[in-house]
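Q: I would like the entire structure built from these sequences, with the hints used as guidance.
Protein chains in written order, with our numbering: chain B, 1468 to 1847; chain D, 36 to 653.
Note that these hints are calculated values from the structure, not bench results.
Mixed in with the good hints there might be a few duds.
Said to hold, decoys possible - From the structure, some residues in chain D lie toward chain B, with a derived Cβ separation under 10 Å: (1) ILE51; (2) THR56; (3) LYS238.
Fair warning: this is a prediction, and the values are worked out from it, not measured in the lab.
Quick reminder that beta carbons are idealized off the backbone N, C-alpha and C, glycines included.
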Amino acid sequence: MGDYVRQMPHQSSADLARRPSAAARLHVDVPLLLLLLALTAFGLVVLYSASGQSMAAVVRQGRYFAVAYVIMFLGAQLSLQRYTRWAPWLYLVGVATLLGVMFFGVGAKGAQRWLEIGGFRFQPSEIMKLVVPMAVAWYLSDRILPPRFKHVVVGLALVSIPAALILQQPDLGTSLLIAASGLFVLFMAGIGWRYIFGAALLAVASAWPAWMFVLQDYQKQRILTMLNPESDKLGAGWNIIQSKTAIGSGGWEGKGWLSGTQSQLDFLPESHTDFIIAVLAEEFGLRGVLFLMTLYTLILLRGFWIGVQAQTSFGRMMAGSLTLTFFVYIFVNMGMVAGLLPVVGVPLPLVSAGGTSVVTLMAGFGILMAVSTEKRMVAH
Amino acid sequence: MPRYIALKDPHRESRIYSARTVTAILIMLALLGVILGRYYGLQITDYETYRTQSESNRVKLQPLPPKRGLIYDRNGVLLADNRPSFTLSVIKERVPDLEATLAELRQLVPVSDSEVAKFRERLQRRRPYEPVPLHFRLNGDERARLAVNRYRLPGVVVEAQLLRHYPHGALFSHALGYVGRINEREAFELDETDYRGTFHVGKVGVEKFYEDVLHGDVGYQNVETNAHGRVLRVLERHAPKPGADLTLHLDINIQRAAYEALGDRRGAVVAIDPVSGGVLALVSTPGFDTNLFVNGISSRNYSALRDSPDVPLFNRAIQGQYPPGSTIKPLMGMAGLESGLVTPETTVPDPGYYRLPGDSHRYRDWILRIRGTGHAPEVDLNMAIAESCDTYFYDLGRRLTIDRMHDYLAPFGLGSRTGVDTTNERRGVLPSTQWKRDALNQVWYPGETISASIGQGYMLTTPLQLAVATSVMASKGRRHVPRLLQALDGEPVAAPELAPIETAPEHWDAVYRGMLDVVHGERGTAKALAKGIRYQMAGKTGTAQVIGIAQNAVYKEDEVEERHRHHGLFIAFAPADAPTIAVAIIVENGGGSSAASPIARHVIDTWLFGRSEFEDPA
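A: Here you go:
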């Protein structure tokens, strides 16, 4: 071969010639932004009802959204190189703060998850949801893909250290989410199916020892409750029975906004946070659920599309991992509220009330936007 | 040998990535499909189930207890009403920590140990989510304190309910009876639907006898509640049907006259209107405050009542069985005339005692001890009644024989329950050979007929039976089942009438004359009553030898003396030409009939004139 022409995949010379749009210059992925705006707006509508028609709750959540959108926008401005360069350091700092939590952390309800610095509380595990996939992606981005065995091992190590630290807080939900976000990077990097099936086999085989030695009593209880909520109608089963009743009684059409009896009459616990989907399902019916799932699916597909279009393997892996993690939120939350999965503290992304998860998720979308606009920057 | 240097191949990586993306999307869609399937299952397939569940969550059927009927006397004076009362109750299912809550409540409201013990008992047999009462009759301060602390005390409720109240307390205790909280046995027997939301039931007396009409019909309402059980609004309401109001024949004035005339003595007074069969007064002393029983009497109060030697809980008027003594004589006179064994002119020699033919035993007349001789050489029926001559009736009784005596006296209501509309009535004893065989498995001895003919021996009557017999006398044979109830919700209810005693009017007149002479005659045994009297009163005195005091009572050694005195009895009706009241009175251990007879004056004066100025010469 003579001349080697480096050609960017999926990019014609016409693209390069065109003047970048305003959106591209602002590093904003317009379809994604529109979908997110639609989702957050719908979320606020549901929240108003779920919070017992509290405008204050809506305003507070709106403020979180505003902050989160700013963070997303700022996150989108950073180049992927910068993310790549920062990844290992962020990772080290992250692990250090997790260790800090272990020794100096403050807790609530028997779990030590928070670090308090100068009166300001934050949850390092939340940041790790972004940092862990970033670190794995950074590590693999220089390797030849699909990664070899030793790279897989290193990648797994990068995942398991923070996951283990968070697991002992104890915070099974977050630990699993973080582990998943790291493993998704490995998956998208193309690790062999033999690893995947092997891991699956191992997971099944370790279920019994995990039940016996790893899971805490309250976690076992949650699993038992999921399997048979009737066993403890007024205790742990109450939430699931009430949320299933709320969802089921919504039917196809729903009882109407602000008219859900389960939600408005306090039968539904945690109605504005983790169980908000039940309010939506009760008041808007299956139609509302379908609408929400369509929005989510479009966001997910856009995320995958951005990944496919990405110029660098770091960008690709980040896009894939962030998208899949977003999906895990949706799946776990909707599954647990409907009684398919045990109750773990996973919010319905961008709908449940709360600031922390919104900021993390939107920061993730900021990175996604950075990936989506990266290719055009290369042209200049 | 060529060395292969591994280089990154962007095309290959991109291809792998795309393949993984496709896989990821497929898995994702599959899992979203599972979720969607689940929501479809809940919202479409099982929609009806969850819809129903959500409705039943939200909508609760609440019973609306009916208002218990009120009880009035014949003048419209309220004898039993319902007053709002505030009860502190606890819904166990809603209380996170029962012990802590109880401790907290006891800081706010004075709850005694026994109340806590009773509360724990009730806790054992409650329906789920039913408020269990802990403390009754909260006052305003206590309610305010509870209201302020309500947010700290989930599951604690203050309920307003109507509680039975007896404004006259002890005065009507035995006439009305009382309601009390439904106990376990009653809960089992009562209709569960009808008594949803009702916590009280008539325990004794009129309150129990007329429970069905007093209770009314339960209503219900569908209410929307939140998860904490708080009612948000009423969706549908079926009003309860309040119980019927009872108007009784009782007259508070003569009830009070009788009660006050008895004073602190043990005794009973029953007055009956001979025309209607209505019970005008039904007094048993000592009474007790029935309000104590409404919400469960404290064990201290209860043992005081139970252990009192005066047995205040014992309704002497209908449960007390006493030898009628000489009050039986007018009836015996009727039996003699009816049987043809005597006429008003028939006389019997009275040496002061009586001897059965061929027997040396002397049956003494009471006068013998006083005068050393009989009432007169020859005694006729009029004198026999007016002066209460035993000898005359000994002879009559012997000739009548016990079984015919039984047959003539039974229509007057002796020896069987009168069927009055209250509870716990006793039947007394009207002896006969048959009775003795059945009850004691013994043969009848002729001597026993002698004592029976002056109302002693086996013969026992309740004051109510005596009043009924007197009423039959007064109305010349008209017989009623005595009734306390005069009207139900204003609709008059007649006392059931029984077949009258058919006899010649002159028989009644003959006995009347004797009874009038008891009061108005020169040598009448109750002539003291004639002082200042403005009407004709027919009466008969009686003295009953004490065998023991009333049933259920305990003998106490140091009281035996007083408790061995004779019971004083008196029956009367007035005005004699058209009687409107018949009275029977007993004063336990009163010593003699003079303890009882003045009470008749008080009662009848009050009935006829609204008040009595009679002063007991004793």
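Q: Does the nearest C-beta of chain B fall within a distance shorter than 10 Å of the C-beta of D/THR56?
A: It holds, given that the least Cβ distance between D/THR56 and chain B is near 5 Å, below 10 Å.
Q: Given D/ILE51 as an interface hint, is its Cβ closer than 10 Å to any Cβ of chain B?
A: holds, 4 Å
Q: Could you check if D/LYS238 really has its C-beta closer than 10 Å to a C-beta on chain B?
A: violated, 36 Å
Violated hint for the displayed structure: number 3, the only one.
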